[in-house]
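Peer 1: Sequence:
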Amino acid sequence: MKIAISAAETSGDLIASALVKSLLEYQPDCQIEGLVGDKMSDAGCQRLWHIDQVNVMGLSEVVNKLPSLLRLRNSIVKYFSENKPDVFIGVDSPDFNFKIEHKLKQCGVKTVHFISPSVWAWRSNRIKKIKASTDLILCLFPFEVDFYEKHGQRALFVGHPLTEKLQPRQNYKPSKKVLLMPGSREAEIKSLLPELLSTV
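Numbers in our numbering are just positions in the sequence shown, counted from 1, shifted up by 151.
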């Protein structure tokens, strides 16, 4: 089986690496290739493109890199249209991946989107684009499946990979510690961490 995959952010690389490990445990001879980060490569993906080519934040960074982002997206579509996989998996980054999924679906490639955008919370009209782009949504939260099923979109609850890493502690005693999570991208950290620190 040949699986194409596209993870355009560091957080997607981290979460998708767990998916890749599971897929290869289930089917060891499976070939997984595409736009990947270091963690996905370490998990067994063949890198055709690196996420550093895409990993952007904020309007100005997107505008500055827009021509190269569009070229990369077109290259991915062209490559997988000519070298058809059994399935294409877009990991998060809906603005980048749904266009790829849509074009590949039109070419007859089965498409899956891993990590639902928050359509249940805002911009719910995106459901039309999602239905046109992907055959299946893999959801981190159970309530997302209900939302998609009401709109006629196939969805499957797969759980959040973080739950596998966090072990419940016995005799847990609450503390007054606060965890600050400014993001996974350098620009997010530079922008958000000072604000978060100023509130503590």
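One should not assume that every hint holds.
[Claimed, not checked] 27 Å max Cα-Cα, derived DSSO-like pairs, lysine-lysine: (1) 301 <-> 229; (2) 341 <-> 324; (3) 216 <-> 250; (4) 324 <-> 282; (5) 153 <-> 280; (6) 328 <-> 280; (7) 324 <-> 254; (8) 172 <-> 153; (9) 254 <-> 216; (10) 250 <-> 328; (11) 279 <-> 172; (12) 229 <-> 280; (13) 216 <-> 280; (14) 254 <-> 279; (15) 341 <-> 301; (16) 279 <-> 261; (17) 172 <-> 250; (18) 328 <-> 341; (19) 328 <-> 254; (20) 153 <-> 216; (21) 250 <-> 235; (22) 229 <-> 153; (23) 301 <-> 324; (24) 190 <-> 279; (25) 235 <-> 301; (26) 301 <-> 153; (27) 261 <-> 282; (28) 216 <-> 229; (29) 261 <-> 324; (30) 190 <-> 153; (31) 235 <-> 256; (32) 282 <-> 328; (33) 301 <-> 328.
[Unchecked claim] Pair ranges (Cβ atoms, derived): (34) 180 <-> 286: 20 to 28 Å; (35) 204 <-> 339: 14 to 22 Å; (36) 212 <-> 328: 26 to 34 Å; (37) 283 <-> 329: 18 to 26 Å.
Since the hints were made in silico from the structure, they are not lab data. Even glycine gets a Cβ: it sits at the ideal position worked out from N, Cα and C.
Peer 1: Going through the earlier hints one by one, which of them does the structure break, listed in rising order?
Peer 2: 1, 2, 4, 6, 7, 10, 11, 15, 19, 20, 23, 24, 25, 26, 29, 32, 33, 37
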